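Take a look at the letters that make up each chain.
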Amino acid sequence: MNFEFSDETQEIAGQGRRFLAGKDCLKTVRASLSGGEGSDAALWREMADLGWAGAAIPEEYGGHGIGYEALCAIAEELGRSLAPVPFAATNLAAEALLRTGSEEQKQAWLPKIAAGEATGTLALSEGNGPISEDAVTVRYADGKLTGTKWPVAHGATADFAVVVARDPDGRIVQVLAELGDGVTRTKLDSIDASRPQARLDFDGAPAALLQSNEDPWDATLSVIDRAAIITAFEEVGGAQACLDMAVDYAKTRYAFGRPIGSNQAIKHKLADVFVALELARSNAMMGALGLLSGEQDLSLAAATARVSSIQAFVTASSENIQTHGGIGFTWEADPQLFYRRANALALGLGSQDFWKDRLISALERRHAA
Amino acid sequence: MDLEDTKEEADYRASVRAFLDANAEPRSRSAAPARFYQVNEDRLKIAKAWQAKKAAAGFAGIRWPTEWGGQGLSAIHDVIYQQEEGKYAVPKGVFEIGLGMCIPTMMAFASKEQLERYTGPALRGEEIWCQLFSEPHGGSDLAGLRTRAVKDGDDWVINGQKIWTSGAHLSDYGILVTRTDPNVPKHKGLTMFFIDMHAPGVEVRPIHQMSGASHFNEVFFTDLRIPDAQRLGEVGDGWKVALTTLMNERLAVGDEPRPDIDDLFAFAQKFERNGKPAIKDPVVRDRIADWYAKSKGIEATRYRTFTRLSRGATPGPEASIGRVVNAMKQQEMARFALEMMGAGGMVSDPSVSQNGGEFQLSLLSSPGARIAGGTSEILRNIIAERVLGLPGDVRVDKDMAFKDVPSGRG
Ligand SMILES: Cc1cc2nc3c(=O)[nH]c(=O)nc-3n(C[C@H](O)[C@H](O)[C@H](O)COP(=O)(O)OP(=O)(O)OC[C@H]3O[C@@H](n4cnc5c(N)ncnc54)[C@H](O)[C@@H]3O)c2cc1C
Numbered sequence: 372m373n374f375e376f377s378d379e380t381q382e383i384a385g386q387g388r389r390f391l392a393g394k395d396c397l398k399t400v401r402a403s404l405s406g407g408e409g410s411d412a413a414l415w416r417e418m419a420d421l422g423w424a425g426a427a428i429p430e431e432y433g434g435h436g437i438g439y440e441a442l443c444a445i446a447e448e449l450g451r452s453l454a455p456v457p458f459a460a461t462n463l464a465a466e467a468l469l470r471t472g473s474e475e476q477k478q479a480w481l482p483k484i485a486a487g488e489a490t491g492t493l494a495l496s497e498g499n500g501p502i503s504e505d506a507v508t509v510r511y512a513d514g515k516l517t518g519t520k521w522p523v524a525h526g527a528t529a530d531f532a533v534v535v536a537r538d539p540d541g542r543i544v545q546v547l548a549e550l551g552d553g554v555t556r557t558k559l560d561s562i563d564a565s566r567p568q569a570r571l572d573f574d575g576a577p578a579a580l581l582q583s584n585e586d587p588w589d590a591t592l593s594v595i596d597r598a599a600i601i602t603a604f605e606e607v608g609g610a611q612a613c614l615d616m617a618v619d620y621a622k623t624r625y626a627f628g629r630p631i632g633s634n635q636a637i638k639h640k641l642a643d644v645f646v647a648l649e650l651a652r653s654n655a656m657m658g659a660l661g662l663l664s665g666e667q668d669l670s671l672a673a674a675t676a677r678v679s680s681i682q683a684f685v686t687a688s689s690e691n692i693q694t695h696g697g698i699g700f701t702w703e704a705d706p707q708l709f710y711r712r713a714n715a716l717a718l719g720l721g722s723q724d725f726w727k728d729r730l731i732s733a734l735e736r737r738h739a740a
Numbered sequence: 047m048d049l050e051d052t053k054e055e056a057d058y059r060a061s062v063r064a065f066l067d068a069n070a071e072p073r074s075r076s077a078a079p080a081r082f083y084q085v086n087e088d089r090l091k092i093a094k095a096w097q098a099k100k101a102a103a104g105f106a107g108i109r110w111p112t113e114w115g116g117q118g119l120s121a122i123h124d125v126i127y128q129q130e131e132g133k134y135a136v137p138k139g140v141f142e143i144g145l146g147m148c149i150p151t152m153m154a155f156a157s158k159e160q161l162e163r164y165t166g167p168a169l170r171g172e173e174i175w176c177q178l179f180s181e182p183h184g185g186s187d188l189a190g191l192r193t194r195a196v197k198d199g200d201d202w203v204i205n206g207q208k209i210w211t212s213g214a215h216l217s218d219y220g221i222l223v224t225r226t227d228p229n230v231p232k233h234k235g236l237t238m239f240f241i242d243m244h245a246p247g248v249e250v251r252p253i254h255q256m257s258g259a260s261h262f263n264e265v266f267f268t269d270l271r272i273p274d275a276q277r278l279g280e281v282g283d284g285w286k287v288a289l290t291t292l293m294n295e296r297l298a299v300g301d302e303p304r305p306d307i308d309d310l311f312a313f314a315q316k317f318e319r320n321g322k323p324a325i326k327d328p329v330v331r332d333r334i335a336d337w338y339a340k341s342k343g344i345e346a347t348r349y350r351t352f353t354r355l356s357r358g359a360t361p362g363p364e365a366s367i368g369r370v371v372n373a374m375k376q377q378e379m380a381r382f383a384l385e386m387m388g389a390g391g392m393v394s395d396p397s398v399s400q401n402g403g404e405f406q407l408s409l410l411s412s413p414g415a416r417i418a419g420g421t422s423e424i425l426r427n428i429i430a431e432r433v434l435g436l437p438g439d440v441r442v443d444k445d446m447a448f449k450d451v452p453s454g455r456g
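First to last, the sequence lines map onto chains A and B. For the first sequence, our numbering gives the first residue as 372, with consecutive numbering after it. For the second sequence, our numbering gives the first residue as 47, with consecutive numbering after it.
Each hint should be verified, as a subset may be incorrect.
Unchecked claim - Cβ pair distances, simulated, as ranges:
# : chain 1 : residue 1 : chain 2 : residue 2 : range
1 : A       : D378      : B       : L289      : 29 to 39 Å
2 : B       : K326      : A       : T508      : 19 to 29 Å
3 : A       : R737      : B       : S74       : 11 to 21 Å
As the list claims (entries may be wrong) - Here are some chain A residues the structure puts well away from chain B; computed CB gaps all over 10 Å:
# : residue
4 : R389
5 : A392
6 : S653
Don't read these hints as lab results, they were simulated from the structure. Please read all numbers here as calculations on a predicted model, not as lab measurements. Using N, Cα and C, we set each Cβ at its ideal position, and we do this for glycine too.
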């Protein structure tokens, strides 16, 4: 039994943690609430130099090929520090390209991603409602895209997007669009300005088909499965930061002549957060194991990880505010930043109801087999 | 990262499987959960025979030193054995407390002659042991116990009462924690002994549980006389000895109690509501997905623990996670299964009840899981204090002589 990150991966995580601790990410995140840049481009380039942008991109495409285990560990550190970088969105786009891009498309974008010179995103949602094939209306015909996508993570700054659209016969297609001519991008206010969201209006924007022998909708969901596992690590990192913060405060804040953390209402709450966090971490690790072993259908592992990591981070972030009392509700204090991130992550990549349904469907398939 | 055994672990697992294949029947998914059975004379005989067979084949006392008939192997070997045994229909629940807690305590504190006398028969299932700790006045607050031991020459005379003693009615011996000095603070006045459950002055009365079974008992002591040689540890050191016992609590490696998440999922697929399988209902999907994620989370957490064990670590207080989550989940899942059945969920009669009434039985037995072996509240205190490092509770009784400690309703 060897169900733990390797020494090498833990080394990478440790370096990442030290690097990020020196960057005061929370300052940028807080500034984004007052109209500052939601994403720190300089920091992202530094991270690319460390090999994080191309961690899972094979060396033949200019990546670092250190693999998914390292990517998961890095995601956890980014979650812990709330780093305001387009990591998740770019990683999602890179995954899609790796899966369905032509050799030419891969060569065009993946090296730039790995070098921190380009960022990408996935344009899937079209407004409110769960992830669903039926909700896709953006049209793709004669090499051109028409229609509106929102919310798109980092959509205002990304260099390209993988867009899920429909061809003239109504079939789902995945296309690659450089975000330039024919695209109007509008930044949207959101609950977490450090994960900025945008609206993309395509008006005959040029785009190229992404080919695969898989059904394009299934391919989209497979990419989302993989991204969900990486996101689960971000959530685990964020939840751990909240728990650490709450425990620290509970030990040092006194009320009624004793530390608030000696009261069971606080203790049991934080014990429950710890339990939820450990379950989430374990499920995320099972997801990572699936990624590493190259399993094709990751839907069950991804859904399991996603459900528990959403629950862990959302709970940890709200109980962290509660443990802090009045100060926790202020603009200046840190807990709110994690609360915003937790809830944004919980919604951004399919919310709990989508993943729970996906989980049960995967179980049904397994039992039918 | 992988979930593979090391070469040595794989070899050991293969030897365990060979033994089980030759001597036991695989447990079928549909078989009723073994733990629900009330242990009677016949079942006790079967359990004893199985334990003897395990001992003869070298699969009992896996972590015990070879000196006392054990195998001198590590915790991970024990885990491997239990994982494999869980797949077979073998008797469970009679020897765990003795072999997992009582004898290890004896090993730490009893004399060589005593160990020569007691370890072998326990290992072979010839003698059963119980743990006489909880009292009407001290369950969670174990150190608040009142059973008195008074020195009389070379003997001790014991009077008082224990309660909730699992398997006392089947037991030959027990380890007993008593109060020897009420004039000092509660943790300081305790002393541990081991006793013969058949001695005059010991009376065992079974307690009828809410589930209908009777696994635990009241045990009364009336002028029970035992030699000082049956003392474990120093006079006044009983708390330290008791902690040794509790630290030896069986590694939480077992399967989830049945009916488990797979049973519930299978039931929701089979059971029809409004003309379609219940699993097609979004509400049912939502709830089952929650429990599935928890269940898998516990399983994967166990793999992380095994990884540490495999590298030589000892299990820490984080082992409580599984118990906190499982105890509540079991009760919730049982209730949800009955809710799916509507009014029919009330009916446990196997002639008509879905799944032979197992969810009804689970509804009535699961509340015990939140209490036994430390309540969920106490487990949360332990996680908060020992894992997260939060400050201890305010203790009003800490520096007070035990006899002056307030005792509420009696
Ligand atoms: C099936 C079963 C088998 C058992 N087998 C054995 C056995 O073999 N040997 C043995 O010695 N005992 C055994 N027990 C006893 C068990 O250990 C105790 O029942 C348990 O520790 C609780 O003690 P209590 O019953 O006195 O409840 P109490 O301690 O009176 O607790 C009542 C309630 O108060 C809460 N509470 C108490 N103190 C605190 C606190 N500090 N903080 C927060 N909440 C608190 C509890 O959580 C509980 O909800 C068994 C119990 C069960 C149910």
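Verification of the hints:
no., hint, in the structure
1, D378/A to L289/B: 29 to 39 Å, "holds, 34 Å"
2, K326/B to T508/A: 19 to 29 Å, "holds, 28 Å"
3, R737/A to S74/B: 11 to 21 Å, "holds, 19 Å"
4, R389, "holds, 23 Å"
5, A392, "holds, 21 Å"
6, S653, "violated, 3 Å"
Checked against the numbered hints above, the structure breaks only hint 6 and satisfies the rest.
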